[in-house]
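Based on the provided sequences and hints, a complete structural model is requested.
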Amino acid sequence: MAAYIFRRVLLLVPTLLGIMLLNFAIINAAPGGPVEQVLARIKGTAVDPTARIAGGQGGEVAAARARTGQTSATGSSKYHGSSGIDPAFIAELEKQFGFDKPAPERFVRMVWNFLRFDFGNSFFRDRSVVDLVLDKMPVSISLGIWETLLVYLISIPLGIAKAVRDGSRFDVWTSAAVILGNAIPSFLFAILLIVVFAGGRYLDWFPLRGLTSDDFASLSLGGKVLDYLWHITLPVLSMVIGGFAGLTMLTKNSFLDQIGQQYVVTARAKGLSERRVLYGHVFRNAMLIVIAGFPAAFIGMLFTGALLTEVIFSLDGVGLLGFEAAINRDYPVMFGTLYFFTLLGLLTKLIEDVTYVLVDPRIDFERRD
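Residue numbers for the sequence shown follow my numbering, beginning at 9 and rising by one.
Think of the hints as simulated: they come from the structure by calculation, not from any bench.
Fair warning: there could be bad hints in the mix.
[What the hints assert, rightly or not] Here are the simulated EDC-like cross-link-like pairs (lysine to aspartate or glutamate), alpha carbons at most 20 Å apart as the crow flies:
no.: 1; residue 1: K357; residue 2: E332
no.: 2; residue 1: K103; residue 2: E113
no.: 3; residue 1: K103; residue 2: D139
no.: 4; residue 1: K109; residue 2: E44
no.: 5; residue 1: K144; residue 2: E332
no.: 6; residue 1: K103; residue 2: D134
no.: 7; residue 1: K144; residue 2: D134
no.: 8; residue 1: K144; residue 2: E360
no.: 9; residue 1: K232; residue 2: D126
no.: 10; residue 1: K144; residue 2: D222
Small disclaimer: the values here were computed from a predicted structure and weren't measured.
Rendered as structure tokens:
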């Protein structure tokens with residue numbers, strides 16, 4: 009097992025480099041880079057004309073307009089929206105964003121910095137990428153932990169119950185509920201929850217925005233806990249409704265597969281109770297795939313897919329940060345978060361393989377046929 013882990017760790021390096029190179033090529037080939045974003049803001053055609061240039065170091069957009077508004081230069085054809093902008097100012101922007109260097113040199117420098125976990129500063133926010141991510145992380149962690157906990161607490165007992173009652177009316181009705189829940193997008197369910205429970209039309213029981221109230225700091229410990237749970241209830245419910253379907257069916261099918269094995273028939277023939285057979289023999293083997301997949305599932309729920317939920321409930325998390333970085337072409341934030349999540353994903357797959365061996369020592373990744 010040690011040799012297998014060592015080989016997998018060695019493979020992380022070229023895999024991570026390949027993914028970073030692919031991301032770098034795609035993102036840099038996409039139109040509307042940081043320089044074009046600034047030019048659009050100068051001309052007043054961008055979505056957010058009040059944003060600061062290059063993390064605040066280039067001054068306000070108004071100052072840039074004052075510097076460029078007098079020129080009659082045609083600008084550089086290299087960028088859209090450069091007409092009427094002084095080429096010297098565009099060259100200054102390129103240098104400020106690092107685009108005065110060729111792409112291979114920029115990629116090598118980025119890799120070297122990332123290996124030292126130096127992600128630099130945001131282009132359009134006067135903060136480092138690490139500080140931005142750490143500031144948004146509590147929201148994403150809160151959503152991910154609660155979603156993971158509730159999904160597993162619902163899916164595993166429900167999957168076992170469906171396997172034991174396979175073909176019964178309970179199995180049919182719960183399957184219909186699972187399929188329906190899986191078919192409804194989480195953001196639609198979030199809107200429904202707002203309409204019904206957050207003052208949209210009927211009841212006004214839950215808050216519509218934020219993770220805590222404005223007076224959170226002045227509340228007692230018990231009040232803080234209740235206030236936090238009060239705010240997190242609807243966002244988590246909207247994410248859980250579509251998250252437990254796959255795990256429920258995986259648990260059910262895994263149990264059904266094990267129930268039909270010969271060792272179960274033998275255990276029943278020995279006179280063991282059905283409960284003893286189910287939880288003493290079947291459970292460990294059936295739960296192998298569920299338990300071994302937990303690290304990847306936990307990381308996935310922790311850091312993915314809550315973008316629309318964050319937007320709908322005004323939760324400023326990592327998902328929203330990544331979306332805004334993509335829209336604004338904030339390359340340090342984009343590349344930094346992509347690198348971090350890619351590395352985390354690769355390590356999680358390794359942890360998943362190790363978990364398989366810990367759960368069932370019969371699995372040996374060193375064996376070769």
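Outcome of the hint check:
1. K357 - E332: Given that 20 Å is the threshold and the Cα spacing comes to 28 Å, the pair is violated.
2. K103 - E113: holds (14 Å)
3. K103 - D139: violated (24 Å)
4. K109 - E44: holds (17 Å)
5. K144 - E332: holds (13 Å)
6. K103 - D134: Holds, because 18 Å separates the two Cα atoms, which is no more than 20 Å.
7. K144 - D134: It holds: about 15 Å lies between the C-alpha atoms, which stays within 20 Å.
8. K144 - E360: Violated - the C-alpha atoms of E360 and K144 are around 27 Å apart, more than 20 Å.
9. K232 - D126: The given pair, whose Cα atoms are some 35 Å apart, is violated under the 20 Å limit.
10. K144 - D222: holds (17 Å)
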